[in-house]
Every structure is written in C-alpha cells, then in structure tokens.
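Work the whole structure out from these sequences, hints included.
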Amino acid sequence: MSPKIPLTTPRPSATFDDYTLSEIRRAASTGIYDIRGGGAKRRVPHFDDLLFLGASVSRYPLEGYRERCSTSVTLGTRFAKKPIELKIPITIAGMSFGALSANAKEALGRGASIAGTSTTTGDGGMTPEERGQSKTLVYQYLPSRYGMNPDDLRKADAIEVVVGQGAKPGGGGMLLGQKISDRVAEMRNLPKGIDQRSACRHPDWTGPDDLEIKILEIREITDWQKPIYVKVGGTRPYYDIALAVKAGADVIVLDGMQGGTAATQEVFIENVGLPTLACIRPAVQALQDLGMHRKVQLIVSGGIRNGADVAKALALGADAVAIGMAALVALGDNDPALDAEYAKLGTKAGCYDDWHEGRDPAGITTQDPELSKRLDPVRAGRRLANYLKVMTLEVQTIARAAGHNNIHNLEPEDLCALTLEAAAMARVPLAGTSWIPGVNGSGGL
Amino acid sequence: MQQLIGELMRTYDLAQSPLRELNETLHRQTDGSNEAQWEILNPRGGHAIAVGLDAPINVDVRGSVGYYCAGMNKKATVTVHGSAGPGVAENMMSGRVVIKGDASQYAGATGRGGLLVIEGNASSRCGISMKGIDIVVKGNIGHMSAFMAQSGHLVVLGDAGDALGDSIYEAKLFVRGKVKSLGADCIEKEMRPEHQEALTNLLKNAGIKDAKASEFRRYGSARKLYNFNIDNADAY
Ligand SMILES: Cc1cc2nc3c(=O)[nH]c(=O)nc-3n(C[C@H](O)[C@H](O)[C@H](O)COP(=O)(O)O)c2cc1C
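Order-wise, the sequence lines are chains G and Y.
Take the first sequence: its position 363, counted from the start at 1, is 363 in full-length UniProt numbering, and no numbers get skipped.
Take the second sequence: its position 29, counted from the start at 1, is 29 in full-length UniProt numbering, and no numbers get skipped.
If you are wondering where the hints come from, they were derived from the structure by calculation, not from laboratory data.
Do not rely on the hints blindly, as some may be mistaken.
What the hints assert, rightly or not - Label-pair restraints from in silico Cβ distances: (1) 24(Y) with 72(G): 27 to 33 angstroms; (2) 24(Y) with 87(G): 28 to 34 angstroms; (3) 128(G) with 227(Y): 25 to 31 angstroms; (4) 235(G) with 120(Y): 36 to 42 angstroms; (5) 32(Y) with 74(G): 37 to 43 angstroms; (6) 181(Y) with 373(G): 48 to 54 angstroms.
What the hints assert, rightly or not - Sample of chain Y residues with no beta-carbon within 12 angstroms of chain G, all distances over it, derived: (7) 17; (8) 102; (9) 139; (10) 161; (11) 215.
As the list claims (entries may be wrong) - Each computed EDC-like pair below joins lysine to aspartate or glutamate, with the alpha-carbon atoms no more than 20 angstroms apart: (12) 155(G) with 24(Y); (13) 75(Y) with 151(G); (14) 82(G) with 24(Y); (15) 224(Y) with 195(G); (16) 81(G) with 24(Y); (17) 192(G) with 119(Y); (18) 75(Y) with 223(G); (19) 204(Y) with 119(Y); (20) 74(Y) with 223(G); (21) 81(G) with 21(Y); (22) 192(G) with 170(Y); (23) 74(Y) with 195(G).
Glycine included, C-beta positions come from ideal geometry on N, C-alpha and C.
What follows is the structure, encoded as structure tokens:
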C-alpha cells in the first residue's frame, strides 16, 4: 500500500483575493463597472500612524476642564466683509440633496447648528429644510450648477467653488435614475428617472487664470460679503493650493482620497488621489511659502473619525476639518440594529455602500419617502451634535496634555510617527528618533 | 462717478469709478426703481460688469466687455454695444441680454431663463449645460455648443460647428444653416407645428424679421444615453 500523500492546505492568493475574484465575476456578468458610495477602503497611511508626545518636563500640561482651551475659529478673513465664526473647527462637508434625503440634510443642519459649526449644500442645490435649520450654511458652486441661483447665493453664509473631491479628483458626479424623485428632478431641471451625470469640469472656466475671474464674478454678485472657499481633491496639493490662493480664495478645502462620495466607480475611489495624511504638509508649505498660512484658512477632510484625527490635522497646520461619512454614521448610517435589512441587500452593517441605489434602510441616502421617514431629523440632529461635542472634548484633552490653551496651537513638534511612510508624509520624526525621511538624513537622537 | 443725465438716465464711467461700486449701486435697484436707465461707459473689456442684477432696469454698456458680463441676471435688460468675453449671461435667470457684437466661449452657460440675443457670432460651447434659457444667435456658433444642454432653446441663424448638442438632454436646438457634425446622442428631429410656433415666437422676441421658422431644422436628444447601457459605451 502506498502511503497517503499529504495534501497541502488550500492556499488563497494574496493577489487574487476573494474580493478581487468576486469583482471579476461581477464585471463578467454585468458588463459595467462597480459604482458605490463611501471612500477608499484600502489601508493607506493615515492619522492612526501618528502619536502625540504629550507634555512632561520640557513642556507642562494644562489642567483638564479647569484651564481654558479654546476651540473657535474664524474662516474667510482675507477678503470677505463677513467672515464665518465657528465655535468648533469641525464642519460638515458638502453632501448633496439627491444623494441624501431631505430629512438627512435637515438633521445635518440641526446637529451642526447646536454644535456651533457650519454645514454645506452639495450637488443639487440648497433645500429650504437645510437653510432653515443651518445657522451657518456654505453653498457649493459645482460644475453641474444644479439648482444654482443668485437668490440662494445671497442666502448663503459662504460659497464653496468645488474643483474636485478626494474620492474622485478629476471625476464628475453621478446620480443614478433610481434616486431621481420628482423633487430632485425639478431642482436639477432634468426629467425624472434618468441618470444624472454631473460634469467633471466647470462649464464656463478652466485653469487658474479663469478661476480668478470666476471668483471675482461671485464676489461682485454678492458684494464682497461672503467668504469664498475653493475645494480641491488631493492630487498635487502644493501647486493646487498655491494656485487657489493666487486665484483669490479666502478658504481652501482639501479632501484626501479616503473622503466619501455618494456614488463613484470603485476603480476611481481606490486608485486615484493622495491619502489625506500626504496632502496636508505640502498644502501648508504652499501657504507658508506665500506668507498666507492662517490668512487663507485650510480645511482638511477625508477619513476624519474622532478628536485625535482632528487634533492631528490641526497640528499639521489645518485651521479646521470637515466630516462627511462620520456625520452620516452619527445620524444612524450603517447601524448594526439594521443588520437584518442590510442582509437582504446582500451586505452587512459597517459595509453597506450601495448608496446610489437609494434603498438605505437607515433613511439617509435615499429619496424613497417611506425609507426617508425612518430618519427623525430632530433626534438624528441631536446625535450629530453629541458626536461633535465628544470630538471637540477629545481635541481639547489632547491639546491640554500637550500644553496648549488653544487647540489651534497644536503643532508638528507635538507629533511623532509610527511608520516611515507616515513620518515622510507628515514630515514628523519617526517615534523615538529625530529622523524625518525626506527632510533630514540622520537616524540619531 | 455717477451723474444725472436728463430725467432718468444715470451714467457710470468705469474709467473713473471702480467696478465694485457699480455693481453695488445696481444691486440697490429694486422692482419699483425710478432709476430705470443706466449707461456704463469705458468697460474696456473688464470682467464681471453688471452681474447679479435683480431689478427691471435697462443697462447699456458702451463698448466691449470681458468675462461673465450680466452673469446670473434677473429681470434686467443688459445691452452690450460691443463684443462680449467668455460666459456672458452665465446662469441667467430671467430678463434679457443683447450682445451687439460677437460673444466668446460659453455664452449663456447654465442659463435658467430669460433671453440672450447675440447679434454677431458665438464661439465654442454656446449654451453649455443650459437649463431653461433661450438663446438666439444671428451669426454662427462654434464647436461643442449646447453640450449637456438640459432645457431651453438655442436658435442659430447661421451655421453650427462640430459636435452640436453632445450628450444633450431636453433642450431644443434650431439651426438655419449647416451643422458641421452632431455630438453623441443628438439627432435631427421633426419640426412639428408646436416647434414652428415656439420658434416663431423666439424670433419675434429677439426682434428678428428676416428669418422664417420654416427655414430651420430642429435637433434634440435621441435619449439613448439617459440610462447607462454597456452596449453604448463607445458613445460616452
Ligand atoms: C453621501 C455623500 C455625498 C457627497 N456629496 C458631495 C457633493 O455634493 N459635493 C462635494 O463637494 N462633495 C461631496 N461629498 C464629499 C464630501 O464633501 C467630503 O469631501 C467627504 O465626505 C469627506 O470625507 P469623509 O467622508 O471621509 O469625512 C459627498 C460625500 C458623501 C459621503
């Protein structure tokens, strides 16, 4: 009898992993690329790879809850007659009515207003619900110009010219037919039920010289009252930020590749753009080189989840941050309580990202009246306010521990990095060394 | 400086006073304004002249303008006695804008209402992404005009350049002359009586007497790209 030949254990391929195989099968059966919401899901160097040093002998800390640690920020001090004053430097990012239900937009406005911060419209225009419930509302000026009009422009507290988004720098928008209700269709001047493509470039300007004239026009229309932001996706942050400053921006919003989207091709989300961590220092460098750091404010977004992320972004030189997906989770998105319903959609809580299909059981990324009703805007707004409050306390906790009486005094010197990649991107030393790859060559103390 | 000329005409000289003051003054005019006639001297190709107006006033610009003249116009009638740079009357809501000379790129971009009349030629991307505006061009228009045009009418007495109406939605295009080529999903369509009537009215409103609706052809969307279909991928 020949001895039994031992079998090797089945070995999955690292290259052809389960997800990759399932995507090949999906593509082969449908003939169309995968579209989804959310941001990059792959791991990239991020704020988790940084640590704060805290105070000790060389610096002394402040007493928690007793010694003041201020959080307020003023945005738009460069040209606008009426800059924006926020109690906390955590703003709500632009998310479109169309992608989100009217109740979700209202909840974002309510939560932001309680917390003393701003919220932002999106591709699709301004709804009365969100204007009514938002103390400070930023109005996006997008390539599609859906819903754009001078009355809303004047009702806004600031205007954000959107050049790009971190999830899809260089890409346009997409709202698939399933989500085009009568109201969404009317606001966008398009027939119901058709796919609405938002252009990737503005219809009436291209390049930095035109942008300068476009900003001039918006300032003239609004009598130089309102701050004008320019939002860019993270691609070539040093040059893009320098050009936005030259074009006359009051505030720059810089969105890294982990930033969420309502609906974009998976291949785009995962393969185009720079991680948020890699964007901040070049952007700050551009502002510093032009003598404009803190004069043109920088808002960073893309994967901000907690007070530590906020503190790290501020320490690297941002004036404020914006949150998208985290705010939706605070409202109730991807809640495990809805797991049975996610299972029916072929997914699970925490992974649900087919927001473009409009069947969100949490009633957030949908236009279905029955599903939308599930979201109580007052309760959800309260939850968002609580979450914003917690994040703010977390930032203050870290700032006090680092010896700062103002969270905006956090600085790169407060940080070290856990990995070489993060050290190089954030331009802070590798933990326990003074080595900043790309900045100094020494591995010494 | 502004000075009173005659009874109601106010003149504003951009060689002497800043643009910001002009626009702010025009923004203060309201529906019942008794200062209904405005004349702007020495525009010298300046940008953002007479933008964001929101009152039924008449503004005559004596000379050529740069980018975005009459941008987001509501209710006002703005006449440029010269040529206009890119994006004239962009996102216009209502009212009337008349360009006596030629217009550069993106004329009437994303306009939602009102009437834009260009007495000369218009360059590329005329009526790009238009959302309800009516545009009448006496001369020719350049390439990629009415790109992603959503609604409204574009009337061209002369010829149209390449890729007219690419990715068009529900806007209606009428061209009297030749069309060099049509863009993706744009086709020639039948001129039915309601189209003849609409066109006749548009020509009348634009003050055009030497053209008849019957001389035009109509173009619009084949509506084949309205919902993504893999077999149309070559057209995207
Ligand atoms: C549902 C959804 C809709 C969005 N819609 C827009 C939009 O209309 N305009 C825009 O500039 N960005 C839009 N974004 C991107 C956000 O403004 C922001 O850049 C991003 O969400 C920040 O990253 P975060 O989600 O990781 O916080 C959207 C994001 C989400 C999640």
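| Is it the case that residue 139(Y) keeps its Cβ farther than 12 angstroms from each residue Cβ in chain G? | holds (20 angstroms)
| Is the Cβ of residue 17(Y) more than 12 angstroms away from each Cβ in chain G? | holds (14 angstroms)
| Once the closest CB in chain G is found, is it more than 12 angstroms from residue 215(Y)? | holds (29 angstroms)
| said: Holds or violated: residue 155(G) and residue 24(Y), Cα atoms, limit 20 angstroms. | reply: Answer holds: residue 155(G) to residue 24(Y) is near 17 angstroms, not above 20 angstroms.
| If you check the beta carbons of residue 24(Y) and residue 72(G), does the distance land in 27 to 33 angstroms? | holds (31 angstroms)
| Holds or violated: residue 81(G) with residue 24(Y), Cα cutoff 20 angstroms? | holds (14 angstroms)
| message | Given a hint of 36 to 42 angstroms, does the C-beta separation of residue 235(G) and residue 120(Y) actually sit inside it? | response | holds (39 angstroms)
| residue 74(Y) and residue 195(G): Cα distance at most 20 angstroms? | violated (30 angstroms)
| message | Holds or violated: residue 74(Y) and residue 223(G), Cα atoms, limit 20 angstroms. | response | holds (16 angstroms)
| field | Straight-line alpha-carbon gap residue 192(G) to residue 119(Y), limit 20 angstroms | value | It is violated: about 35 angstroms lies between the C-alpha atoms, which goes past 20 angstroms.
| Regarding the pair residue 81(G) and residue 21(Y), is the alpha-carbon distance no greater than 20 angstroms? | Between residue 81(G) and residue 21(Y) the Cα gap is close to 15 angstroms, so the pair holds against 20 angstroms.
| Restraint check for residue 224(Y) with residue 195(G), where alpha carbons must lie at most 20 angstroms apart | holds (11 angstroms)
Checked against the numbered hints given earlier, the structure breaks hints 17, 23 and satisfies all the rest.
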